[in-house]
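*Asks:* Sequence:
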Amino acid sequence: MDNKTEVPLYQDWAMKATNNLYDPQVAGYPCTEVLVAENGQPLVFLPIQQAVVMDALAPKPGIEKREMALALKELVKMTAFMAHRAHLREIMFFSADEDVNEMAERYGFEKIEHPVLRLKLVK
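For the sequence shown, our numbering begins at 1 and goes up steadily by one.
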């Protein structure tokens with residue numbers, strides 16, 4: 001993407017688009033790249049950001065809620081450190097456990113009320 005001409009165009013289109021969940025901070029993240037599909041001129045912009053994904057939490061069977069909360073807090077701290085070291089600015093957490101989700105929200109996570117789509121490149 002040509003920063004001088006296309007960045008303002010991207011920002012304008014992103015703000016005008018409906019249902020794209022535009023977050024203006026993402027384009028400024030150190031590891032974000034903005035892709036452009038063109039046909040002689042820009043058609044669609046797509047910011048690609050790298051994020052850390054916390055996946056498939058596996059607590060000890062029967063763990064007490066307080067222990068789980070403390071363990072999750074420590075894991076989030078370690079994950080945030082890893083993300084910061086890699087210049088990443090977001091952590092995603094996949095969880096279907098409402099108790100764990102409430103704990104994660106207390107540690108700063110926000111629930112995203114939109115579908116998450118995954119494309120596995122290796123089967």
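Heads up, a few of these hints could be off.
[Unchecked claim] Below 30 Å or equal to it, Euclidean Cα-Cα: the simulated DSSO-like pairs (lysine-lysine) are:
1) Lys65 to Lys77
2) Lys60 to Lys77
3) Lys60 to Lys123
4) Lys16 to Lys65
5) Lys111 to Lys123
6) Lys65 to Lys123
7) Lys65 to Lys111
8) Lys60 to Lys73
9) Lys16 to Lys60
10) Lys111 to Lys16
11) Lys120 to Lys73
12) Lys73 to Lys111
13) Lys16 to Lys77
[To be verified] DEER-style ranges, computed between Cβ atoms:
14) Gln41 to Ala83: 42 to 48 Å
15) Glu113 to Gly62: 17 to 23 Å
16) Met82 to Glu105: 19 to 25 Å
17) Glu110 to Thr18: 29 to 35 Å
18) Lys77 to Leu43: 28 to 34 Å
19) Trp13 to His84: 18 to 24 Å
20) Met92 to Ala37: 36 to 42 Å
If you're looking for bench data, these hints aren't it; they were derived computationally from the structure. Note that CB positions come from ideal geometry on N, CA and C, so glycine has one too.
*Asks:* Please name the hints from earlier in the document that this structure breaks, with their numbers sorted from lowest to highest.
*Replies:* 4, 6, 9, 13, 14, 15, 17, 18, 19, 20
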